[in-house]
Amino acid sequence: MLEIKGLKTNFNTYDGIVKALDGVNLTVKDGEIFGLVGETGSGKSVTCYSALKLLPKTGEVVDGTVLLDGEDITNASEERLRQIRGGKIGIIFQDPLSALNPVMTINEQIGEVLILHQDKELKELSLEREIPVYNSKKFSFSPGIEFTIWAICISFISLFSMLGQFNFGLPFFFIIAIMLLRDYLQQDVPDSALDILVVESLSKVKLPNPKQIAKSYPHELSGGMQQRVMIAMALAGKAKMLIADEPTTALDVTIQAQILQLIKDIQREENMSVLLITHDLGVVAETCERVAVMYKGKIVEENTVNNIFKNPQHPYTKALLNAIPKGGKERLKVPEIGEHGAI
Amino acid sequence: MTKEYILQIKNLRKHFPVKNVWGTDIALVKALDGVDLNIEIGKTFGIVGESGCGKTTLMRTLLRLVEPTSGSVILSDQFIGKSGRTLENLTNKELRLFRRQIGVVFQDPMGALNPRMLIKDIVGEPLVIHGKTGNLRERVIELLENVGLGEEHLYRYPHEFSGGQRQRIVIARALALDPKVLVLDEPTSALDVSVQAQILNLLNDLQVKFNLTYVFISHDLSVIEYMCDRLAVMYLGKVVEEADTEELFFNPQHPYTKALLSATPSFEKNTKRIMILGDVPSPITYLDESKAKLATDITEQERLEIKAIEGKNIDYIIRSSLNEVFPLIEVSEKHFARVKS
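Sequence order for the protein chains is Y and D. 1 is the number of the first residue of the first sequence in our numbering; add one for each residue after it. 1 is the number of the first residue of the second sequence in our numbering; add one for each residue after it.
So here's chain Y without its partners, still in its complex pose:
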């Protein structure tokens, strides 16, 4: 599915060139979950950003090729890359709250992906059911009980003042009346094709009450729900491959178990490839089939999960496994490495 050969990435800093990636070779097969482990600064994330050309301006891919489904995307145009990102490869980032736009509803954010990548399906659906592709931006003011009380109070005030003579109360009265009327009328607007597909993609990630969630803003959801929305967004474009960059680092263990189970289920149902980037060896053991260990911008060991945990070959892998606290009380063996892998 994804094949990376000899990828080299440099960052130009004031202190000189930082070789973040130093010849990374990686193959993710069709329909497998591939784990990429390493510590902070070892180049895990840079690998996936380089492959998708999402590097910041200081970063630069010096050498290497990236093949996606047999297609060389190393020198692909920006236009083609836009189709690939989201259309063929979906990405989940570490912190869902900062990856989601706080001023857009979930509906709008997933809708954006659908408009970009699922144009045909949207049009087909709208023709089939004779509904619009998307409604114009809804006026989303729903009067809560407090607002209603305010509205009634103000309208009474304006009514009373109207009895005397015309004053500023009158326009207020009309504005509120129109707002309430508009909101009332809009409840009967049928769902557009976009709404239907958004709800569909949200229920795919097993979110309870997807219609309600589509209307809400990111901050109204819990961390686990936000991450589910991120997954829904990554899958909305019918991506064949999912890159999950530390998808569970910001979550609790119980929620982490849910999200990992979800990724596994979806991978099996859709027969997708998943590249799981993480620093947690336990997560890898639980989820992945094959795993690569990164250190200082290189892949030092690549093997199936069972082999790597039972019989680690490279000294760094051994050190990493030893550093995990286990049941016993014996002193932890600290790997003799710098705190930062790269540079």
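Derived by calculation from the structure, the hints in this document are not laboratory data. Just so you know, not all the hints are guaranteed correct.
Below, a list of computed lysine-lysine pairs in the PhoX-like style, where the Cα atoms sit at most 25 angstroms apart [claimed, not checked]:
1) Lys-209(D) / Lys-326(Y)
2) Lys-258(D) / Lys-264(Y)
3) Lys-326(Y) / Lys-43(D)
We have chain Y already, so just place chain D on it with the hints.
Structure of chain D alone, referenced to chain Y:
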């Protein structure tokens, strides 16, 4: 032999009020709801739980950074030389003395260090505040050496250090006034495994060297298992289970503990696991009862979720939205569900 306790927490409660637009209380967030813990001297006491279960509130109440609603913390005579004192009726002078004896290490080291202060000022600040300014420089160097740093780090700023070194500086500062108790609030959650191993080793060394008592708060069960002698599992402001670490890990009693333990990713594949569906229920208790019973039944979506999971070698637990002591209700042998009204 009777055990000697340094802190005895008795029925501690902290309720935060929730106000509506008019300023009247409509609900209570029961952050701590009757916590009883006894912290033994010279041992490491662990507190685990998910986010929002009240771990951090407990820590803040222990330091009296927030005033508890009710309950008391009985201090051992090691703190202020008098026996039988409780935390909530300390005088200002005694509180100052008490805070000298209890050090804190927070989760995010960069947030805990002032970016515009030199390391010598950061580590020396507690000494200056508590008026122990004699031999200040030597004392700061000694503290830094305790945590594996040295004289050459005195005139640097926090941003010049890596995450692990910053956490060392925070530990050095916490040790500045020779505390009896060190409260560690997720000290390693922002660190890599190899750096985490260094910090945990350092903490173990310091405990032996200075005969410290640790209160170790974490959500990482492997770290807790490694560090702690005794352990309390918290859920929604209550302690659901408290036991010695080994006992709790080998023979968990409460269904929530079982689920929490099985949720931790492990190297052994195909172990049977108990899934917890849904998020942590809100700890808010509405004073108006009609509001509280909004979400009690299993939703349609959850039914689908159960169907999807059934027969996959996974047990499951559904969290209740009701605010009950034990929100997990046993339906059959291995299935738990939320309460139906």
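Quick rundown of the hints versus the structure:
With a C-alpha separation of about 23 angstroms, the suggested pairing of Lys-209(D) with Lys-326(Y) holds against the 25 angstroms cut-off. Between Lys-258(D) and Lys-264(Y), the direct Cα distance comes to roughly 22 angstroms. Compliance with the 25 angstroms bound is thereby established for this hinted pair. Restraint check: the Cα-Cα separation between Lys-326(Y) and Lys-43(D) comes to about 19 angstroms, which is no more than 25 angstroms; the hinted pair holds.
Of the numbered hints listed earlier, not one is contradicted by the structure.
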